[in-house]
Amino acid sequence: MRTFLALLAFLLVVAPAHGEGSRLDALFDALAALDEPGWEQIEDAIWEEWSETGSASLDLLLQRGREAMSAGDTAEAIEHFSALVETAPDFAEGYNARATAYFEAGLYGPSLSDIVRVLSLEPRHFGALAGLGVILEETGDRPGALEAFRAARAIHPHRSDLREAVERLEAELQGTEI
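Our numbering numbers the first residue of the sequence shown as 1 and each following residue consecutively.
Note that these hints are calculated values from the structure, not bench results.
Computed from a prediction, not measured in an experiment: that's the story for all the values here.
Among the clues, some could well be false.
Between beta-carbon pairs, the in silico distance windows are [stated by the list, open to error]: (1) ASP73 / SER22: 30 to 38 angstroms; (2) PRO110 / GLU164: 39 to 47 angstroms; (3) LEU173 / GLU86: 38 to 46 angstroms; (4) GLU86 / GLY38: 34 to 42 angstroms.
Glycine residues also receive a C-beta, built at the ideal position from the N, C-alpha and C atoms.
Build the full structure now, drawing on both the sequences and the hints.
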C-alpha cells in the first residue's frame with residue numbers, strides 16, 4: 001500500500017494545474033472558508049460542475065449509471081460508467097462514479113485504479129479522497145487511510161464524516177508509527 005500512496009502523492013504533485021479564475025476555483029475557495037455559511041450549497045455546486053459532461057449522450061450515460069446504482073445494480077452501473085469513460089477519458093466524475101460502483105461490487109483494485117485516475121484529473125476531488133480512505137481502512141492500511149482522510153478534509157473542512165474519520169484514526173494510531 002505504501003507504493004500505492006507514493007504513486008498517489010506523485011500524481012497529486014504533477015497533476016495539471018487548474019485555470020486561475022475558474023468557477024471551480026472560486027467554489028473551492030468558498031468551501032475552504034472556515035466560517036462560510038451555506039457550505040452544503042457550495043458542495044452541491046462543485047458536484048454539479050464535476051458532473052457537467054458537455055454532451056447530452058454522455059449526460060445520459062452518467063444518469064443511467066447513477067440510476068442503476070440507486071437501484072442496486074452495480075453491474076449495470078459499471079457498464080454505463082465504463083462506456084462513459086471510454087468515450088470521455090478526461091471526465092473525472094465518470095471515473096469517480098465507476099470507482100464507487102466497483103467499490104459497491106467489492107472490487108477494490110479497479111476502484112483504486114479509478115480513484116488514481118480521478119485524482120490525476122482533479123486533485124481536489126474530496127469524494128475520491130474520502131473513498132480512498134474508506135478502501136485503505138477496510139483493507140487494513142489505517143495510516144494510509146488517515147492520510148487520505150486528512151487530504152480530503154484539507155480540501156473540504158466542513159464534512160463531519162471526514163472530521164470523525166480523522167479523529168477516530170488518530171486515536172487508534174496514537175502511539176504507533178504513522
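Going down the list of hints, with the structure as the test:
1. ASP73 / SER22: 30 to 38 angstroms: With Cβ atoms ~35 angstroms apart, the hint holds.
2. PRO110 / GLU164: 39 to 47 angstroms: violated (27 angstroms)
3. LEU173 / GLU86: 38 to 46 angstroms: Between LEU173 and GLU86, where Cβ atoms are some 40 angstroms apart, the hint holds.
4. GLU86 / GLY38: 34 to 42 angstroms: holds (37 angstroms)
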